[in-house]
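> The primary structure of each chain is shown beneath.
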Amino acid sequence: MIGRAVSTDSQSADRHDIAVIVNGLQYSRTVESRLLLSDFLRHDLLLAGTHVGCEHGVCGACTVIFDGVPVRSCLMLAAQADGHAIMTVEGLAADRNHLNPLQEAMRDCHGLQCGYCTPGILMTMTAFLDENPAPDEAQVREALSGNLCRCTGYQHIVDAVLLAAERLRSPSP
Amino acid sequence: MTTRSFGAPITRNEDARLLSGQALFVDDVELPGMLHAAFLRSNVAHARIRSIDVAVARARPGVIAVYTAADLGALWAPGPLLVPPPPIAGIVFNQRTQVPLAKDKVRHVGEPLAVVVAQSRYLAEDALADIAIDLEPLPAVVDLEKAGETDSARVHDDVRGNVAAHVRQFRGNYAAARARADHLIARRFCYDHGASSPIETRGIVASWDGRANQLTVWDTTQAPVFLRNGLAGMLGLSERQVRVIAPFVGGGFGPKIMLFYPEEVVLPWAAMTLNRPIKWIEDRLEHFFATSHERGQTHDAEIALSGDGMILGIKDVFLHDTGAYNPYGLTVPINSQCTLLGPYVVPHYDSTFTAVFTNKPIVTPYRGAGRQHGVFVIERLLDIAARELGIDRAEIRRRNFIPPDAFPYKNDIIYQDFTRLEYDSGDYEPILDKALAAIGYREFLAEEQPRLKAQGRHVGLGIACYVEGTGIGPYEGAKVQVQANGKVSVATGIGTQGQGHFTVFAQIAADQVGVDVRNVDVVTGDTDQFYWGAGTFASRGAVVAGNAVNEAAKVVRTKIIKLAAEHFECAEEDLEIGDGKVSVVGVPGKAVTLGELALKANPMRGAVRPGTEPGLESTQYFGPPSGATASGVHAMIIEIDPLTFMVQVLKYVVVHDCGTIINPLILSGQIHGGVAQGIGNAYYEQLVFDDDGQLLNASLADYLLPTALEVPRMEIVHTVTASPLNPLGIKGAGEAGAIPVGPLFAQAIEDALGLADRKIELNEIPLSPNRMFELTTKSR
Chain W
503 MIGRAVSTDS QSADRHDIAV IVNGLQYSRT VESRLLLSDF LRHDLLLAGT
553 HVGCEHGVCG ACTVIFDGVP VRSCLMLAAQ ADGHAIMTVE GLAADRNHLN
603 PLQEAMRDCH GLQCGYCTPG ILMTMTAFLD ENPAPDEAQV REALSGNLCR
653 CTGYQHIVDA VLLAAERLRS PSP
Chain Z
17 MTTRSFGAPI TRNEDARLLS GQALFVDDVE LPGMLHAAFL RSNVAHARIR
67 SIDVAVARAR PGVIAVYTAA DLGALWAPGP LLVPPPPIAG IVFNQRTQVP
117 LAKDKVRHVG EPLAVVVAQS RYLAEDALAD IAIDLEPLPA VVDLEKAGET
167 DSARVHDDVR GNVAAHVRQF RGNYAAARAR ADHLIARRFC YDHGASSPIE
217 TRGIVASWDG RANQLTVWDT TQAPVFLRNG LAGMLGLSER QVRVIAPFVG
267 GGFGPKIMLF YPEEVVLPWA AMTLNRPIKW IEDRLEHFFA TSHERGQTHD
317 AEIALSGDGM ILGIKDVFLH DTGAYNPYGL TVPINSQCTL LGPYVVPHYD
367 STFTAVFTNK PIVTPYRGAG RQHGVFVIER LLDIAARELG IDRAEIRRRN
417 FIPPDAFPYK NDIIYQDFTR LEYDSGDYEP ILDKALAAIG YREFLAEEQP
467 RLKAQGRHVG LGIACYVEGT GIGPYEGAKV QVQANGKVSV ATGIGTQGQG
517 HFTVFAQIAA DQVGVDVRNV DVVTGDTDQF YWGAGTFASR GAVVAGNAVN
567 EAAKVVRTKI IKLAAEHFEC AEEDLEIGDG KVSVVGVPGK AVTLGELALK
617 ANPMRGAVRP GTEPGLESTQ YFGPPSGATA SGVHAMIIEI DPLTFMVQVL
667 KYVVVHDCGT IINPLILSGQ IHGGVAQGIG NAYYEQLVFD DDGQLLNASL
717 ADYLLPTALE VPRMEIVHTV TASPLNPLGI KGAGEAGAIP VGPLFAQAIE
767 DALGLADRKI ELNEIPLSPN RMFELTTKSR
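The listed protein sequences correspond, in order, to chains W and Z.
Quick note: the first sequence uses the numbering used here, first residue 503, plus one each step.
Quick note: the second sequence uses the numbering used here, first residue 17, plus one each step.
Since the hints were derived computationally from the structure, they do not count as laboratory data.
Quick reminder that beta carbons are idealized off the backbone N, C-alpha and C, glycines included.
There's no promise every hint is true.
Said to hold, decoys possible - Keeping only pairs whose Cα atoms sit at most 20 Å apart, straight-line, the calculated EDC-like set for lysine to aspartate or glutamate is:
{"hint": "1", "chain 1": "Z", "residue 1": "Lys119", "chain 2": "Z", "residue 2": "Asp69"}
{"hint": "2", "chain 1": "Z", "residue 1": "Lys667", "chain 2": "W", "residue 2": "Glu644"}
{"hint": "3", "chain 1": "Z", "residue 1": "Lys667", "chain 2": "Z", "residue 2": "Glu464"}
{"hint": "4", "chain 1": "Z", "residue 1": "Lys121", "chain 2": "Z", "residue 2": "Asp174"}
{"hint": "5", "chain 1": "Z", "residue 1": "Lys667", "chain 2": "W", "residue 2": "Asp638"}
{"hint": "6", "chain 1": "Z", "residue 1": "Lys503", "chain 2": "Z", "residue 2": "Glu592"}
{"hint": "7", "chain 1": "Z", "residue 1": "Lys667", "chain 2": "W", "residue 2": "Asp661"}
{"hint": "8", "chain 1": "Z", "residue 1": "Lys121", "chain 2": "Z", "residue 2": "Asp708"}
{"hint": "9", "chain 1": "Z", "residue 1": "Lys616", "chain 2": "Z", "residue 2": "Asp595"}
{"hint": "10", "chain 1": "Z", "residue 1": "Lys578", "chain 2": "Z", "residue 2": "Glu629"}
{"hint": "11", "chain 1": "Z", "residue 1": "Lys667", "chain 2": "W", "residue 2": "Glu639"}
{"hint": "12", "chain 1": "Z", "residue 1": "Lys575", "chain 2": "Z", "residue 2": "Glu589"}
Unchecked claim - Rough simulated footprint, nothing fancy, chain W against chain Z, three-plus residues with beta-carbon under 8 Å:
{"hint": "13", "region": "24 to 38"}
{"hint": "14", "region": "208 to 217"}
{"hint": "15", "region": "719 to 729"}
Same shape as in the complex, but just chain W (with noise of 0.2 Å):
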């Protein structure tokens, strides 16, 4: 990772001016070109909500909507976000103390346990229902195979998410 204590003396070939958008705020930076997207999230702009847990794109828990899609933050660089939008896990709930009806419904159905891989679930899952409003369990299951989870054996996420749609579909009076 390059602090940005690093960046001003680094013999490190090129750099570039890049400029972001993060969860509706916008941030340059100058970047090394080698540096991931995911160790500039959570080290440069200090959002380390974002996980990491393998480095080569198999866990998911890096996972961020980027264009409003799920990618996966240690699979890109830093540079290629250079004019685009990203929103992390930060960016679901205005606090913790005014979750997210996905948010709500994880806690509600115990769908984390250490919560290491939970912002990268978050996240593949907040694309999933935008385009599947209604999905069964199948679609479920098949949308988060993506993400590894080493605790919960998957049914209490499985839960949350059916429990999500169905409120995000009859929002509560």
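Once you have looked at the hints, place chain Z on chain W.
Showing chain Z alone in chain W's frame:
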């Protein structure tokens, strides 16, 4: 009165922070001036170190320091033995523990040789390529049986036969039992258990504050107190000068309790040496080599039976892979040895194991901690016995169950906690009956399976039983304190990795102190918040720390009532506690809040009388005399494709007994997660080593953790036999789900494919589509 929260399916106090990205994990710690470490690791399993040249690396811009073993001075020493061998007569134990950085020899792929400290992780990793190492490769010790041959290479030059340990335990007289047996069955069983693979890898941040003479270490450990104590000793500090914080930890499942990982020694030392904070975060590739595994055992077992299927005795001889070092002593093979006895009466038992050093990463407990291996052996033996004797497989288990009036039931041999293995309580037959009913045992075997098989579908059923010794000592403690704002603080020394401690401990305290569970703030894993403790392992957090919380909260309750009685100048019996206040019974509106009482208990005027203490707080400890034995039965119906051998689980039932239940919602989650890991172990996960000790599938693309498509929906039935060993009646539940899944898969697949008719037995785990193809093709 406040609604009782103990026993209720309460959602978790910790979730809002985790769901909004606000929970602190180790890699989230950012400190001014922080440096980053990367470790150079051996790329061969066994070699002599000729030379390491770090001059070029040291000269790279951005590199602050590079250290090898030669630089460590007095710090360089083999690590401590975490768990000494149990007091068993005739035991052989050769202690060989890991070192901070390898000197002279490397003994497994991934063993660290040098560390680079640089301004960024990227630069530190760049500099690893600058280090020149000259290694003289040696033959690798990989195979368990070959390790003991006289011409085998030696992992440790002075340990003949690579024998890490040799242990025999027995009860009764197996030879005599064998002599009068009607039926003998002898088989070889191989059970391999993989890597725990938490989604968060390990990580450490160490920071030395020269002004305060204080070392602070954030670590993904399951045992912060032991880490603090050990670090103080190694670094020449007092325990009070070292603060270890295990913040939110992203899963552990056992390997995060191993002490001391080399990085855990080197990072704090380097932070003090350089007077700069340093971070190290393990990457996933490193995790496969640098974090401990569990891995394999080979059992040669024989069971002696009467003609009606009663167990007369069992003899078992097994080899246990302990890896290159054995810092965790004998916990894993002792668990295998003891748990093999299961929920059954085994009058005569003779078990001998040899733990073997190999040139593979260190073996320490991983969820189940060797219990799986033992359960696989006994459950498979009973399956084979049922078939050979023509007895129903559920029935042969039922006949051999320990009867409910036999508890406490003595099994005589020594368990991992050094006590004589004794089951405190249990009632096994109702659990089996519930499982049979829930899976639809009779109907499936009599009707559904024949019907589906007639349609050409390959469906089968499995049923397996287990016990688990949980909640062992030595002890845990807790401090409960009423705050001036009326909230209640609970601090305990164990770490937390997702078990719901912030909620279950709050539930226990809330009922005693009379507040809402949301008004109890729990702190775990910070040695400055709670000084004493052992750690989170052996399904013991809820049992041991939970009871300590209960004891401390009881004392606080007494103090609250006493102070309120003084406040109202009334008798204690006239008061009731609840909803965050103490009220005078029958006098509406006459009440004082806990916050007001907390202020009153810390007066600015008016002395604290001799023999009393300020504040509404108490610190109490709980240590059980021995472990509490949980039990359960899993049942499963599967369909398998006879060409691809892909398995689909059609129905999965867990009936289990972990004593009194604190929170059924959290408990179900623990079981779901355990079963998921059991499924991975049974059919998807295998660490594949070649003959040179290279791990061939060290990525999550090749080491297959089960996804939402492999893990089925589970039906869970809770039953309760309260433990008499602790006031709350709790038994541990964390590991249970993972334990009986191997034999369940073997039995169900045999059933689905009719393998008995083809004389094929599945006596190994993990199975996989590939392995099934091999096993069924060979004998065609």
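> Hints first: check each against the structure and report whether it holds.
For each hint, the structure was consulted:
Taken as a hint, the Lys119 (chain Z) and Asp69 (chain Z) pair is honoured in the structure, with Cα atoms around 13 Å apart against an allowance of 20 Å. About 18 Å separates the Cα atoms of Lys667 (chain Z) and Glu644 (chain W), which keeps this hinted pair within 20 Å; it holds. Taken as a hint, the Lys667 (chain Z) and Glu464 (chain Z) pair is honoured in the structure, with Cα atoms around 13 Å apart against an allowance of 20 Å. Pair hint Lys121 (chain Z) plus Asp174 (chain Z) holds up; C-alpha atoms about 13 Å apart against a cutoff of 20 Å.
About 18 Å separates the Cα atoms of Lys667 (chain Z) and Asp638 (chain W), which keeps this hinted pair within 20 Å; it holds. Among the hinted pairs, Lys503 (chain Z) with Glu592 (chain Z) is consistent with the structure: their alpha-carbon atoms are about 18 Å apart, no more than 20 Å. Restraint check: the Cα-Cα separation between Lys667 (chain Z) and Asp661 (chain W) comes to about 17 Å, which is no more than 20 Å; the hinted pair holds. Taken as a hint, the Lys121 (chain Z) and Asp708 (chain Z) pair is honoured in the structure, with Cα atoms around 16 Å apart against an allowance of 20 Å.
Between Lys616 (chain Z) and Asp595 (chain Z) the alpha-carbon distance is near 19 Å, which keeps this suggested pair within the 20 Å criterion. In summary, the hint linking Lys578 (chain Z) to Glu629 (chain Z) is supported, as the alpha carbons are separated by about 13 Å, within the 20 Å threshold. Pair hint Lys667 (chain Z) plus Glu639 (chain W) holds up; C-alpha atoms about 15 Å apart against a cutoff of 20 Å. Simply put, Lys575 (chain Z) and Glu589 (chain Z) have alpha-carbon atoms about 14 Å apart, close enough for the 20 Å limit, and the pair holds.
Here's how the region 24 to 38 of chain Z fares: 11 of its residues keep a CB closer than 8 Å to some CB of chain W, so the rule of at least three is met and the hint holds. Remark: the region 208 to 217 of chain Z is confirmed as covered by chain W, as 6 of its residues place a Cβ nearer than 8 Å to a Cβ of that chain, reaching the required three. Residues of the region 719 to 729 of chain Z with a Cβ under 8 Å from some Cβ of chain W number 6, which satisfies the need for three, so the listed coverage holds.
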